[in-house]
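Engineer: Here are the chains, one letter per residue:
Number of protein chains: 2
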Amino acid sequence: MKIALDVMGGDLAPFSNIEGAFSYIEETKDSATQLLLVGDKPTIEKAISKYPQFADNIQIIHTTEVVEMDEKPSRIFRTKPDSSLVRCIDLIKNGDADAAISAGNTGALLASSLFMLGKISGIRRPALAPFIPTEKGGVILCDAGANADVKPQHLVQFALMASAYLEVQENVKSPRVALINIGSEEGKGNELSRSAYPLLKGHIENFVGNIESRYFLNGDVDVIVCDGFTGNIILKLTEGLFKNITEFLKDSLSDNGTDVSQFMPILGNLKTKYDYEEHGGTPLLGINGIVMKCHGSSSKRSIKNAIIAVKKFHDANLINEIADRMSKHMDIFEENTTVNETQTA
Amino acid sequence: MKIALDVMGGDLAPFSNIEGAFSYIEETKDSATQLLLVGDKPTIEKAISKYPQFADNIQIIHTTEVVEMDEKPSRIFRTKPDSSLVRCIDLIKNGDADAAISAGNTGALLASSLFMLGKISGIRRPALAPFIPTEKGGVILCDAGANADVKPQHLVQFALMASAYLEVQENVKSPRVALINIGSEEGKGNELSRSAYPLLKGHIENFVGNIESRYFLNGDVDVIVCDGFTGNIILKLTEGLFKNITEFLKDSLSDNGTDVSQFMPILGNLKTKYDYEEHGGTPLLGINGIVMKCHGSSSKRSIKNAIIAVKKFHDANLINEIADRMSKHMDIFEENTTVNETQTA
Chain A
0 MKIALDVMGG DLAPFSNIEG AFSYIEETKD SATQLLLVGD KPTIEKAISK
50 YPQFADNIQI IHTTEVVEMD EKPSRIFRTK PDSSLVRCID LIKNGDADAA
100 ISAGNTGALL ASSLFMLGKI SGIRRPALAP FIPTEKGGVI LCDAGANADV
150 KPQHLVQFAL MASAYLEVQE NVKSPRVALI NIGSEEGKGN ELSRSAYPLL
200 KGHIENFVGN IESRYFLNGD VDVIVCDGFT GNIILKLTEG LFKNITEFLK
250 DSLSDNGTDV SQFMPILGNL KTKYDYEEHG GTPLLGINGI VMKCHGSSSK
300 RSIKNAIIAV KKFHDANLIN EIADRMSKHM DIFEENTTVN ETQTA
Chain G
0 MKIALDVMGG DLAPFSNIEG AFSYIEETKD SATQLLLVGD KPTIEKAISK
50 YPQFADNIQI IHTTEVVEMD EKPSRIFRTK PDSSLVRCID LIKNGDADAA
100 ISAGNTGALL ASSLFMLGKI SGIRRPALAP FIPTEKGGVI LCDAGANADV
150 KPQHLVQFAL MASAYLEVQE NVKSPRVALI NIGSEEGKGN ELSRSAYPLL
200 KGHIENFVGN IESRYFLNGD VDVIVCDGFT GNIILKLTEG LFKNITEFLK
250 DSLSDNGTDV SQFMPILGNL KTKYDYEEHG GTPLLGINGI VMKCHGSSSK
300 RSIKNAIIAV KKFHDANLIN EIADRMSKHM DIFEENTTVN ETQTA
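From first to last, the protein sequence lines stand for chains A and G.
Under numbering that gives the first Met the number 0, read the first sequence as residues 0 to 344, first letter to last.
Under numbering that gives the first Met the number 0, read the second sequence as residues 0 to 344, first letter to last.
Do not take every clue at face value.
Identical chains share a label here; the pair holds if one copy fits it or two copies do between them.
Straight line, CA to CA, 35 Å or less: simulated DSBU-like cross-link-like pairs of lysine-lysine [as the list claims (entries may be wrong)]: (1) LYS187 - LYS311; (2) LYS327 - LYS270; (3) LYS249 - LYS92; (4) LYS172 - LYS45; (5) LYS40 - LYS249; (6) LYS172 - LYS40; (7) LYS135 - LYS71; (8) LYS187 - LYS299; (9) LYS187 - LYS92; (10) LYS118 - LYS249; (11) LYS172 - LYS242; (12) LYS1 - LYS200; (13) LYS135 - LYS242; (14) LYS172 - LYS249; (15) LYS49 - LYS172; (16) LYS310 - LYS249; (17) LYS249 - LYS49.
These are computed hints drawn from the structure, not numbers from a lab.
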């Protein structure tokens, strides 16, 4: 298998990305996988020169451009064709790589993947599906931001894709799927959730109903589906609150004259336990190719975990599996389930 | 002023509600305000018999029914007319009270208030506007759950109402209003937020743009507007995460063999600092009457604070103030700002 790694994308790039690749080789001893390090050749060569033992598993693809985190993403594949991010996708497109990993600009990665690789047969909307650690393991949140506005049918597809992914990645059999909502009973919520509920009930084997956001991290379900606006609000709020609380605790302990050092390991555990950045990346589910987005501040551990994840994705032939599942549920688009979007002001 | 207090509503009712009323009288020495305790007369009389010094400020309104927390709210005012909750609203309607406070069923309180008292002139959608403590004070989140689907114009009204309320309650001059969104630039987000942005910019004096949910508790803005679905997701997720994190820390400390007791005051401070339940209630803004919803698990302190809050609301004549502000912005409904709600599946 060949995995293209965007060496230049992310806040800690290029070194944390390169070191993530080295960690993968060192820890897994996986000599069958070739890592294509895509980025500035001199930088990569310099890093490799210190670790010649990894050279056999690595191939360098030199690029001259870098996509910045705040660049308008929609036309990056035209404006920066020789960026490390776009080249990673291009390698898949040309059959020179089986998967791509980037910690760069999410919108650019999504737009480039969608344009250059297209969608899996049957898929209407690709979605971001991060794995969020919970009290009892983890939950996939889908969509976490790719589609700000969706229709109920898209939520069914998100549920099918995320379930397939979770089965492969975490060996979860028949994942419990829930719909994020503002009440537990059927009939609660906004027009989208009210319309999506019966559709999910009819098409998702282990649909367990609505889940309120207060139970998000309790770990009682395996997949939570939502529109990308709501998912992104949830993801970023979770990140923000952890930061607020950790800082509050540190400040309180110092003000209190307590020896902060004894509590630091516990705050460290809190971060390790709940930090989804560490998990290894968010797949762009529905893209006709294996593309993994790592968090902007990905550590080498996160990059290494992302490589492990795309390998599982590839070995399980998940793209075909998703296409197969979609084909069994295409009737969602024929049922009379359009949302009534008219409202009186 | 006369304030009707639903004695039977809430998880800690009736005692915490009655004690909240006593606390108010004791702490404020406000002899000009009459508290109408609405609920089971024998229970209330028994409580008062122990504190005869409060009797002069209290009047008992006997009721025979109680609205349960899980009852369908929409027709409670017809099915349980002699419930403590409905009678509180009825007292306002008949001019026998100037305000009502309940820690009972939110939906029932909202539906009963809307049906029995109606809306302030010009208001299209009443909204829930909790005050959430932040790192630097607090922020009003509006709407936090009354309207699952809204139009951009409603968000402008939420901004106007919440700003007026914050000026009165917290003496915040010219509150900074932000739109919750999944990106900071104008043009980001879903159809609602993209359409609402220019409307807010045109009508809200101190509109500061989009705010991402990761900054929710940073305290850099005073009012955050959103649809009630998103607001409710944010509110409940915040509650849930605080619970998850506090429990994780307690467990980690015990497992660690650390003396948990020295850490407990800090966790207590965390709760006190960020716990919006303690603040004293959430106004039903836009209702043509002063109605305050307290959290279901309201303590006596929370009830006392709610009484203080409705008194400020009343003394500032906030209903007229809101009507006046609405009248200056009715052109939002004439502008060509309808959301394009058509989407291709």
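Engineer: Are there hints from earlier that the structure breaks, and if so, what are their numbers?
Structural biologist: Numbers 2, 3, 4, 5, 6, 10, 12, 15, 16, 17, in rising order.
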